[in-house]
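Construct all of the structure, not just a fragment, from the sequences and the given hints.
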Amino acid sequence: MNNREIAELFEKVAYLLEIRGDNIHRILSYRRAGETIRDVSQDLSELHEAGQLTSISGIGKTLAEKIAEMLETGRLEFYERLVVEIPESILDLMRVEGLGAKRVKLFYDKLGITTLDGLQEAAENGRLRELPKMGAKSEAKILKAIESLKKHGDGRVLLGTALPIAETILAELRQLPVVTRADIAGSVRRRKETIGDIDLLVAASDAEVVMDHFCGLELAADVALRGPTKSRIVLDNGVGVDLRVLPSENWGTLLSYFTGSQAHNVRLRELAKKKGLSLNEYDLSAVSGNAPPILCETEEAVYTALDLPYVVPTLREDRGEIEAALEGRLPQLVQLTDMRSDLHMHTTWSDGKASILEMAQTAQANGLQYIVITDHSYSLGIANGLDASRLRQQAEAIREANEVIGPDFEIWHGTEMEIRADGTLDFPDEVLAELDFVIAAVHTALKQPREKITERILGAIRNPHVDMIAHPTGRLIGRRDGADVDLEAIFAAAVDHKTILELNANPHRLDLQDTHVRRALEIGVRIAINTDAHHPDQLSFTHFGIATAQRGWATASHIVNSWLPSEMRTFLMSK
DNA sequence: GCCGTTTTCGGCCCGACTGTTTTCAGTCG
Numbered sequence: 114m115n116n117r118e119i120a121e122l123f124e125k126v127a128y129l130l131e132i133r134g135d136n137i138h139r140i141l142s143y144r145r146a147g148e149t150i151r152d153v154s155q156d157l158s159e160l161h162e163a164g165q166l167t168s169i170s171g172i173g174k175t176l177a178e179k180i181a182e183m184l185e186t187g188r189l190e191f192y193e194r195l196v197v198e199i200p201e202s203i204l205d206l207m208r209v210e211g212l213g214a215k216r217v218k219l220f221y222d223k224l225g226i227t228t229l230d231g232l233q234e235a236a237e238n239g240r241l242r243e244l245p246k247m248g249a250k251s252e253a254k255i256l257k258a259i260e261s262l263k264k265h266g267d268g269r270v271l272l273g274t275a276l277p278i279a280e281t282i283l284a285e286l287r288q289l290p291v292v293t294r295a296d297i298a299g300s301v302r303r304r305k306e307t308i309g310d311i312d313l314l315v316a317a318s319d320a321e322v323v324m325d326h327f328c329g330l331e332l333a334a335d336v337a338l339r340g341p342t343k344s345r346i347v348l349d350n351g352v353g354v355d356l357r358v359l360p361s362e363n364w365g366t367l368l369s370y371f372t373g374s375q376a377h378n379v380r381l382r383e384l385a386k387k388k389g390l391s392l393n394e395y396d397l398s399a400v401s402g403n404a405p406p407i408l409c410e411t412e413e414a415v416y417t418a419l420d421l422p423y424v425v426p427t428l429r430e431d432r433g434e435i436e437a438a439l440e441g442r443l444p445q446l447v448q449l450t451d452m453r454s455d456l457h458m459h460t461t462w463s464d465g466k467a468s469i470l471e472m473a474q475t476a477q478a479n480g481l482q483y484i485v486i487t488d489h490s491y492s493l494g495i496a497n498g499l500d501a502s503r504l505r506q507q508a509e510a511i512r513e514a515n516e517v518i519g520p521d522f523e524i525w526h527g528t529e530m531e532i533r534a535d536g537t538l539d540f541p542d543e544v545l546a547e548l549d550f551v552i553a554a555v556h557t558a559l560k561q562p563r564e565k566i567t568e569r570i571l572g573a574i575r576n577p578h579v580d581m582i583a584h585p586t587g588r589l590i591g592r593r594d595g596a597d598v599d600l601e602a603i604f605a606a607a608v609d610h611k612t613i614l615e616l617n618a619n620p621h622r623l624d625l626q627d628t629h630v631r632r633a634l635e636i637g638v639r640i641a642i643n644t645d646a647h648h649p650d651q652l653s654f655t656h657f658g659i660a661t662a663q664r665g666w667a668t669a670s671h672i673v674n675s676w677l678p679s680e681m682r683t684f685l686m687s688k
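Count along the first sequence starting at 1, add 113, and that's the number in the numbering used here.
Be aware that a few hints might be false.
BS3-like, lysine-lysine: derived pairs with alpha carbons at most 25 Å apart [as the list claims (entries may be wrong)]: (1) K215 with K125; (2) K264 with K125; (3) K688 with K611.
Taking CB as the label site, the calculated pair distances span [as the list claims (entries may be wrong)]: (4) S653 with I137: 38 to 46 Å; (5) E436 with D325: 41 to 49 Å; (6) S468 with G441: 46 to 54 Å.
In short, the hints are calculated from the structure, not lab data. The structure displayed is predicted, hence computed values, not measured ones. Glycine included, every Cβ here is placed at the ideal spot set by N, Cα and C.
Quick look at the structure:
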C-alpha cells in the first residue's frame, strides 16, 4: 500500500469509529494521522524500514504498528473487523453535507439505511421525519444535499478556480459604502492547491446590508444559511462561499482564526495557554484574574502577543512552522518579485496560441528578463511537436524575435522533449547541443510500473544535455494521479547531475507539489517555477507556483528563476 | 490514540447556525 492508500484507510477508520460512538480523541488521532500521512513526501515503506515511523508527529506505537501491518500485508485487520460491525457503504452517507455520525447511525439503526440511494428513497417517502429530532425541513435539506453530492461530488475545486471567484465577490462587497475592510481567509488565502469552501471576512458598519447583498449575488445558486454574522451561499459549481461580517477592532484575531489551518490554530492556542492566555477569534484573554482582554487589529499583533515572528498564510499548516518561528528560523520565502525568467512555454510552433514575440513581450511586461521557448518535440504528435528540421527553423525565428525585442530582454531557444515510453529521447545529443536549454518530460505511458517510469526519468536526468525535468509526476489535480515515480531516487539523481526539477505553476498541475518541493530542497535539488504557458495570459500563472513553492518552504536561493541570465549560463556551462 | 519545560496520567478549541426542541443536539469550520 502507498501513502495515499494508508491515509485513506486511517480516515475511513476515523469515520467508522465516529459512527460507532468511540472516544472523540481516539477518532481524531486516526483522522490526524491520515491527514499527516497525506503530507509526508517520503514513502512510508522507507520510513518503516528505517524504523522511523514514530518520528512522524501524531504517529505513536499503535499507529506505527498498523502502518507496518498495511505495508507488509496490504490489509488492516482492525478495519476489517470494523466493517463487519458497520457496513463500509455507510461512509458514503457521511459525505452528505449536514449529516454527521449521529444521524447516519440513527438512520442505520432505525431504518437500516446503508447506501446513498437508500437514504434518498427514505427521504422521498417521508420516513426520515418519523425519527427523533427530524422533520420535514431536515428531510428536504438532505435530499438537496444528496442531489448536490451526486452532481458535484465533494465539491472541491482548484485554487485556480476558487481564487478568481473569491476576488470577484470580495471586490463587489468592497464597493458597498458600509464595508470598511474585506479579506479572503481560509484555504484560499493559504493557497492550498484545492479548495473546499471559500471564506470571506468583512467589517462593516451595517452587517444586514452586506448579508443582503451577498445572499442576493447573481453567482449564488442557493443560500444555504443566513444569520446576522454568518451566511453561506452555494455557487453553480457546488462550491460554498462563507461570509462573516465582523467588527474591525479585533481584525487580527479574526483573520488569523478564519485563515487557519485548524491545525495551526490549535498550536497557537496551545502557545497562548502556556502564557496563561486563551486565544479565540475575538481576543486574547487572561485565563485567570480580571485583566482586560487583548484586542489585536492585525495578525502581526497576534503573533507578537505570543512572542512569535509573523508567520505568512502559506506556511500555516502545522508542518513545523511554529517550531521554526519559536527558534527564529522561519525561511525568507521566495516572492513573485524574485522571478527573472520563465523557462517553459509554448508557441504556435507547437500547441501554443501565440507567437514567440507575443509571449516574449508579455513576459517582459510582467517584469521578466528572459524566457525560454520550449515547444513540444515530434513524438507528441497531438501537440504538433517539432522535428529536428523545424527546430532549426525555429532557431532562426527566435533570432529574429530577439532582434525585434531589443537588448533589454532575451529569448532563449529550448525544447520540451518527450521521454518516450521506451525511455529513449526524441532528439539526439548533437541536436540538443544546439539549444540554450533542454527540458525533458513524460506525457505518455504514465501508468507504467514504478521501476520502469522512474528509470525513464532517471535516464533523461543522466543525459548531460538535459537541463530540467518538467512536471515530474505528470499529475492533473482531481483528474489524473501522478505517475508512480520514485521521487527520492529522482531527487538524488537530480542533485548528482545538476538537473533542475520543475514546479509547474499551472493550477491544474502544481507539480512538484508543495510537500515534494520541501523534501527536494532538503536534499539539495534546484527548483524552477515555470508557467508552461500556451497563451500569453497564462504567463500570469507564476503566482500559483510561487505560493506552492512558499508552501514548500522555498527561498529565492532555491529557485533558479531568481538567477540573472548570466548566472543561469554559468550554471548550464558547469553541468 | 497521542503526547510531555504541569511527563506515564489526564488532557485533547470552541463559537455560529439550524431545526427541532421547550432548553438543546448535531454539524461545521
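Open item on the list: Given the hinted pair K688 and K611, is their Cα-Cα distance within 25 Å?
Closed with: 6 Å, holds
TODO: Mind checking the alpha carbons of K264 and K125 for me, to see if they're no more than 25 Å apart?
DONE: 23 Å, holds
- [ ] Just tell me: holds or violated, for the beta carbon distance of E436 and D325 against 41 to 49 Å?
- [x] Holds, at about 45 Å.
Open item on the list: Hint check: K215 vs K125, CA-CA at most 25 Å. Holds or violated?
Closed with: 16 Å, holds
TODO: Evaluate the given range 38 to 46 Å for the C-beta pair formed by S653 and I137.
DONE: 45 Å, holds
Open item on the list: Verify the CB-CB distance for S468 and G441 against the hinted window 46 to 54 Å.
Closed with: Because 49 Å falls inside the window, the suggested range holds.
No hint from the list above goes unmet by this structure.
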